[in-house]
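Visitor: Chain residues, written in single-letter form:
2 protein chains.
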Amino acid sequence: MKNKESPLHPLDQAVALQPIDQGRWQGTTSQTYANMVGPFGGTTGATLLQGALSHNELLGEPVSLTVNFAAPVADGNFEVVVRPLRTNRNSQHWWAEMVQGGQVVAFATAVTARRRDTWEQTEAAFPDVPLASDLPAFTRDAAPPWTRNYDMRFVDGELLGEPDKDYPSRSRVWMRDQPSRPLDYVSLSALCDAFFPRIYIRRPKLVPIGTVSLTTYFHAGGEQLASVGSDHILGVARANHFGKGFFDQSAEVWSRGGALLATTHQVVYFKE
Amino acid sequence: MKNKESPLHPLDQAVALQPIDQGRWQGTTSQTYANMVGPFGGTTGATLLQGALSHNELLGEPVSLTVNFAAPVADGNFEVVVRPLRTNRNSQHWWAEMVQGGQVVAFATAVTARRRDTWEQTEAAFPDVPLASDLPAFTRDAAPPWTRNYDMRFVDGELLGEPDKDYPSRSRVWMRDQPSRPLDYVSLSALCDAFFPRIYIRRPKLVPIGTVSLTTYFHAGGEQLASVGSDHILGVARANHFGKGFFDQSAEVWSRGGALLATTHQVVYFKE
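Going down the list, the protein sequences come from chains A and B. Using this note's numbering, the letters of the first sequence correspond one by one to residues 102 to 373. Using this note's numbering, the letters of the second sequence correspond one by one to residues 102 to 373.
Don't take every hint at face value.
Stated by the list, open to error - Pulled a few chain A residues facing chain B out of the computed Cβ check, cut under 8 angstroms:
1) Ser155
2) Ala172
3) Glu221
4) Thr223
5) Phe227
If you are wondering where the hints come from, they were derived from the structure by calculation, not from laboratory data. Note that CB positions come from ideal geometry on N, CA and C, so glycine has one too.
For reference, chain A alone in the conformation it holds in the complex:
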C-alpha cells in the first residue's frame, strides 16, 4: 500500500502491523506519537483495534472497544495477538493483546457487528459552539509529541487554563488528525483518547496520570465515518468524580453536521 507518491500517514505508520502468523502481528511504537512515557495510549488502542480489523475472520464493523492499559508500553517492537472469542450470526466478540518481552502490556476486547437500518434518535444535545475555522489552533511547546499530530481548537476548557465556574472539568474542542486524514474507526478510536486528562482542566496543575481502562461506543457506520472525511470533529468531555487515586471522564464526539459519532469513557489513575 505504501508508495513514493502517497507515503503512509503517521497514524497508519504507528498502527502498521506485519503479519507473523494467523492472528499474530509485529508492530513498532512510533516516535511521532510519543507521550511523556512510552507511546500515546490512543495509538496503543488503535493498534489493537487495527489487529481485530485485520483479522481474516472479521464480521461487521466496530460497535464497542475497551482498551486496558496494563503496564507501560516500552518504545520499540511489540506483538499483537488477536482472536475472535465468539462469532454469532451478526456480531462478534474479540480479544486483542499487545505483548512485549513475553508480558501483556495492553489488551482490548471489542464487539463488531453488521449494522442494520432501524429507528434512530440522538438524545445527547449537539452544542452551540463556534466553528473550528473561527478558533485558534492549540499549541504548547512543552506538550508531548503526540499532541502535534492533532489539530485541536478549544471552544473552552483548555489545558491548564482557568476552570469554568459551571463546568470546571469540561472541554469542548474541535479535533482532527494533523496532517489531515480521512476519518475511520482506527483514527476515531485514537481521537477518543486525545482528550487531555480532566484533572488538568479541573485543577490546572500537572501530576502523573495514566489511563487504566478506556471504552468507546461507535455509533456511526463506516460509510458515515467516511463521509466526515478529514473535517474537524467536536469533542465534549467532562469528569464525574475524582478521588482515591482515580477519576473518570466521558465524552461525546460529533461531526460538524451534528451526528453523534461515538461516546467514550475512561478511568484514569492520578497521583495526589
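Fit chain B to the supplied structure of chain A, relying on the hints for placement.
Guide: Chain B only, in chain A's frame:
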C-alpha cells in the same frame, strides 16, 4: 458460610461459586434472577466479578469492570475461569470468562487496585429528588422474575410510561436489593445493570434487546460501600444515541448522602 440461622441472600446464591481448581469454579444460574431469556445480565457480570474477588492472588478492590455478553446464557451449570493478566505494585488487570458446553457465553475484564487517599471532588451533580420512602415501589406483573429482587422507586422515567419532554430517556430511580442486603461490589455491579433499557423509556414499547457490553467504574472504596448498608441508592440513567440496531446508556449511582458510588455505561442491541 451457609447455616440455618442465616440462609444465603438470593444474590449470594446466584453468584455462588464452587471451586474446581485454581482459578476455576462451577456455578449454576438462579431461577430467582431469571430474565426473559436466561439469567439477568447483572448477575452474570456479578458472578464474573465474584470470580476475580475469590481469586487467591487478588490485589486491592475493583476500580473498573467491563462485561461482554457474547451469547445467550443457558439455564443450568456454568464454569467461571479467572486469571490475573498483569499484576503491578498497586493494581491488577483481570480476565474472567463464563463457559457453557465448552463455549464462552460471557466474559469480563476488570481492574483492581489499592485505593489511596488523594484530593477528591465530585463534578456530577446529585439531583434534588424525593426520598425513596416517599415514593411507591415499582411493580409490574408482566416484568421478568429478576425485577422482583430489586426494590425500585421511580422518581421519573418509569418503564413504558410517558417520556419526559426534556429528558425523554432519563430515569431517576431509588434501588436496593430485595430482600435487603448490605451493599458491596458484587451487588453494586448487578445494580448497575438493573436500569431498564432506555429504549423502553424513550419509546415506550417492548422490542427484543440485549446488552452487548457493560462497563462500570467504581468510585467508592469497600468501607464506603459497606457504610451504605442496605439503604436505597439513587440511579440516574439516560441514553445518548439510538440507531442502526444499537443504543448506549450511561448512569450515575449515588448514596442517599450524595456520594457518587459508581458510573456505568453500556451498549445494547435492539431490534427495529
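Visitor: Please go over all the hints and tell whether each is borne out by the structure.
Guide: Hint check results:
no. : hint   : verdict
1   : Ser155 : violated (21 angstroms)
2   : Ala172 : holds (6 angstroms)
3   : Glu221 : holds (4 angstroms)
4   : Thr223 : holds (5 angstroms)
5   : Phe227 : violated (11 angstroms)
Of the numbered hints listed earlier, those contradicted by the structure are 1, 5.
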